[in-house]
Amino acid sequence: MTLLQKILNSKAGAAALILRVPVGLILAAHGAQKLFAWFGGYGLEGTGQWMASIGLEPGYWLALMAGSAEFFGGIALALGLLTRPAAIVTAFTMLIAIFSVHINNGLFMANNGYEYALTLLVVTAALAVQGAGSFSVDSVIAKKLADK
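Position 79 of the sequence shown, counted from 1, bears residue number 79 in the UniProt record's numbering, the numbering being contiguous throughout.
The hints are simulated quantities; they were obtained by calculation from the structure and are not laboratory data.
A few of these clues could be false.
Each pair of labels, with its calculated beta carbon distance range [claimed, not checked]: (1) 108 with 49: 21 to 31 Å; (2) 13 with 46: 37 to 47 Å; (3) 148 with 108: 46 to 56 Å; (4) 99 with 37: 24 to 34 Å; (5) 54 with 143: 41 to 51 Å.
Quick list of in silico lysine-lysine cross-link-like pairs, DSS-like style, CA-CA up to 27 Å [claimed, not checked]: (6) 143 with 6; (7) 11 with 144; (8) 11 with 143; (9) 148 with 11; (10) 144 with 6; (11) 148 with 6.
Since the structure is predicted, the reported quantities are computational estimates derived from the model, not experimental observations.
We put the CB at the ideal spot given by N, CA and C, even for glycine.
Build the full structure now, drawing on both the sequences and the hints.
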(Lines of atoms letter the chains of each structure in order from A and count residues from 1; the text may use other names and numbers.)
(Lines give C-alpha, C1' and ligand atoms only; values in the text may rest on other atoms or scores of the structure.)
Protein backbone atom coordinates (compact mmCIF):
# COMPACT_ATOMS: atom_id res chain seq x y z
CA MET A 1 0.00 0.00 0.00
CA THR A 2 1.39 3.38 -1.00
CA LEU A 3 1.58 6.40 1.30
CA LEU A 4 -1.21 8.08 -0.68
CA GLN A 5 -3.44 5.02 -0.21
CA LYS A 6 -2.74 5.08 3.53
CA ILE A 7 -3.70 8.75 3.68
CA LEU A 8 -6.90 8.22 1.69
CA ASN A 9 -8.16 4.92 3.12
CA SER A 10 -10.73 5.12 5.89
CA LYS A 11 -13.13 2.74 7.60
CA ALA A 12 -14.96 5.58 9.34
CA GLY A 13 -18.24 5.13 7.47
CA ALA A 14 -20.97 7.76 7.50
CA ALA A 15 -20.02 9.22 10.89
CA ALA A 16 -17.09 11.06 9.31
CA LEU A 17 -19.47 12.74 6.85
CA ILE A 18 -21.56 14.03 9.75
CA LEU A 19 -18.43 15.61 11.28
CA ARG A 20 -16.71 16.72 8.08
CA VAL A 21 -19.39 18.72 6.30
CA PRO A 22 -20.60 21.15 8.98
CA VAL A 23 -17.17 21.63 10.52
CA GLY A 24 -15.61 22.10 7.07
CA LEU A 25 -18.20 24.70 6.11
CA ILE A 26 -17.77 26.55 9.40
CA LEU A 27 -14.00 26.60 9.00
CA ALA A 28 -14.32 27.76 5.37
CA ALA A 29 -16.63 30.60 6.45
CA HIS A 30 -14.18 31.74 9.13
CA GLY A 31 -11.36 31.61 6.61
CA ALA A 32 -13.45 33.65 4.15
CA GLN A 33 -13.86 36.30 6.83
CA LYS A 34 -10.10 36.56 7.16
CA LEU A 35 -9.23 36.32 3.46
CA PHE A 36 -12.08 38.06 1.64
CA ALA A 37 -13.95 40.10 4.30
CA TRP A 38 -17.03 37.95 3.69
CA PHE A 39 -19.67 37.31 6.36
CA GLY A 40 -18.75 40.41 8.34
CA GLY A 41 -15.02 39.70 8.42
CA TYR A 42 -12.20 42.22 8.12
CA GLY A 43 -10.25 40.72 5.23
CA LEU A 44 -6.50 40.28 5.15
CA GLU A 45 -5.64 43.89 5.96
CA GLY A 46 -7.93 44.17 8.95
CA THR A 47 -7.20 40.70 10.28
CA GLY A 48 -3.48 41.24 9.78
CA GLN A 49 -3.61 44.53 11.69
CA TRP A 50 -5.52 42.88 14.52
CA MET A 51 -3.04 39.99 14.67
CA ALA A 52 -0.15 42.44 14.80
CA SER A 53 -1.91 44.37 17.58
CA ILE A 54 -1.93 41.28 19.80
CA GLY A 55 1.72 40.52 19.06
CA LEU A 56 1.37 38.04 16.21
CA GLU A 57 3.88 39.31 13.65
CA PRO A 58 3.97 39.62 10.71
CA GLY A 59 0.23 40.11 11.00
CA TYR A 60 -0.67 40.14 7.31
CA TRP A 61 1.27 36.95 6.58
CA LEU A 62 -0.18 35.15 9.60
CA ALA A 63 -3.69 36.29 8.61
CA LEU A 64 -3.04 34.86 5.14
CA MET A 65 -1.81 31.57 6.60
CA ALA A 66 -4.65 31.21 9.14
CA GLY A 67 -7.30 32.28 6.63
CA SER A 68 -5.97 29.91 3.97
CA ALA A 69 -5.77 26.99 6.41
CA GLU A 70 -9.36 27.58 7.50
CA PHE A 71 -10.82 28.37 4.05
CA PHE A 72 -9.08 25.77 1.90
CA GLY A 73 -8.83 23.21 4.71
CA GLY A 74 -12.52 23.66 5.42
CA ILE A 75 -13.48 23.14 1.79
CA ALA A 76 -11.27 20.04 1.64
CA LEU A 77 -12.90 18.67 4.80
CA ALA A 78 -16.41 19.30 3.51
CA LEU A 79 -15.59 17.45 0.29
CA GLY A 80 -13.58 14.73 1.98
CA LEU A 81 -10.58 15.55 -0.21
CA LEU A 82 -7.18 14.87 1.35
CA THR A 83 -9.04 14.84 4.64
CA ARG A 84 -6.21 13.76 6.90
CA PRO A 85 -3.75 16.47 5.77
CA ALA A 86 -6.52 19.11 5.81
CA ALA A 87 -7.59 18.02 9.28
CA ILE A 88 -4.02 18.18 10.58
CA VAL A 89 -3.52 21.70 9.20
CA THR A 90 -6.82 22.97 10.60
CA ALA A 91 -6.23 21.27 13.96
CA PHE A 92 -2.84 22.97 14.19
CA THR A 93 -4.47 26.29 13.29
CA MET A 94 -7.01 25.84 16.10
CA LEU A 95 -4.23 24.95 18.54
CA ILE A 96 -2.46 28.20 17.69
CA ALA A 97 -5.73 30.15 18.05
CA ILE A 98 -6.35 28.62 21.47
CA PHE A 99 -2.92 29.46 22.87
CA SER A 100 -2.35 32.81 21.17
CA VAL A 101 -5.82 34.36 21.45
CA HIS A 102 -8.27 32.54 23.70
CA ILE A 103 -6.48 30.74 26.56
CA ASN A 104 -6.28 33.70 28.94
CA ASN A 105 -10.03 34.31 28.59
CA GLY A 106 -11.05 30.99 30.13
CA LEU A 107 -13.24 28.32 28.62
CA PHE A 108 -16.44 30.06 27.64
CA MET A 109 -17.11 31.88 24.37
CA ALA A 110 -19.03 34.62 26.18
CA ASN A 111 -15.61 35.82 27.40
CA ASN A 112 -13.85 35.07 24.08
CA GLY A 113 -12.66 31.81 25.61
CA TYR A 114 -11.35 28.72 23.91
CA GLU A 115 -14.37 26.37 23.99
CA TYR A 116 -15.26 26.78 20.31
CA ALA A 117 -11.69 26.52 19.03
CA LEU A 118 -11.20 23.49 21.28
CA THR A 119 -14.29 21.84 19.81
CA LEU A 120 -12.98 22.42 16.27
CA LEU A 121 -9.57 21.10 17.34
CA VAL A 122 -11.08 17.90 18.74
CA VAL A 123 -13.25 17.26 15.67
CA THR A 124 -10.38 17.88 13.24
CA ALA A 125 -8.05 15.69 15.31
CA ALA A 126 -10.64 12.90 15.16
CA LEU A 127 -10.88 13.31 11.38
CA ALA A 128 -7.08 13.19 11.10
CA VAL A 129 -7.14 9.85 12.90
CA GLN A 130 -10.18 8.23 11.28
CA GLY A 131 -10.06 9.74 7.80
CA ALA A 132 -12.84 10.92 5.53
CA GLY A 133 -15.15 7.92 5.68
CA SER A 134 -16.99 6.13 2.93
CA PHE A 135 -18.85 9.13 1.49
CA SER A 136 -15.90 11.23 0.33
CA VAL A 137 -13.68 12.12 -2.57
CA ASP A 138 -10.87 10.33 -0.70
CA SER A 139 -12.89 7.11 -0.81
CA VAL A 140 -13.44 7.40 -4.56
CA ILE A 141 -9.74 8.01 -5.20
CA ALA A 142 -8.71 5.19 -2.85
CA LYS A 143 -10.96 2.73 -4.70
CA LYS A 144 -9.51 3.77 -8.06
CA LEU A 145 -5.96 3.34 -6.75
CA ALA A 146 -6.84 -0.08 -5.32
CA ASP A 147 -8.24 -1.20 -8.68
CA LYS A 148 -4.93 -0.55 -10.43
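The hints, checked one at a time:
1. 108 with 49: 21 to 31 Å: With a Cβ separation near 27 Å, residue 108 and residue 49 satisfy 21 to 31 Å, so the hint holds.
2. 13 with 46: 37 to 47 Å: holds, 41 Å
3. 148 with 108: 46 to 56 Å: This hint holds: roughly 51 Å between Cβ atoms.
4. 99 with 37: 24 to 34 Å: holds, 26 Å
5. 54 with 143: 41 to 51 Å: Given a distance of about 46 Å, which is inside 41 to 51 Å, the answer is holds.
6. 143 with 6: OK: residue 143 and residue 6 at ~12 Å, within 27 Å.
7. 11 with 144: With a Cα-Cα distance of about 16 Å, the restraint between residue 11 and residue 144 holds, given a limit of 27 Å.
8. 11 with 143: Holds, at about 12 Å.
9. 148 with 11: Roughly 20 Å separates the two Cα atoms, so the pair holds.
10. 144 with 6: holds, 13 Å
11. 148 with 6: Within the cut-off at roughly 15 Å; holds.
Violated hints: none; the structure is consistent with every hint.
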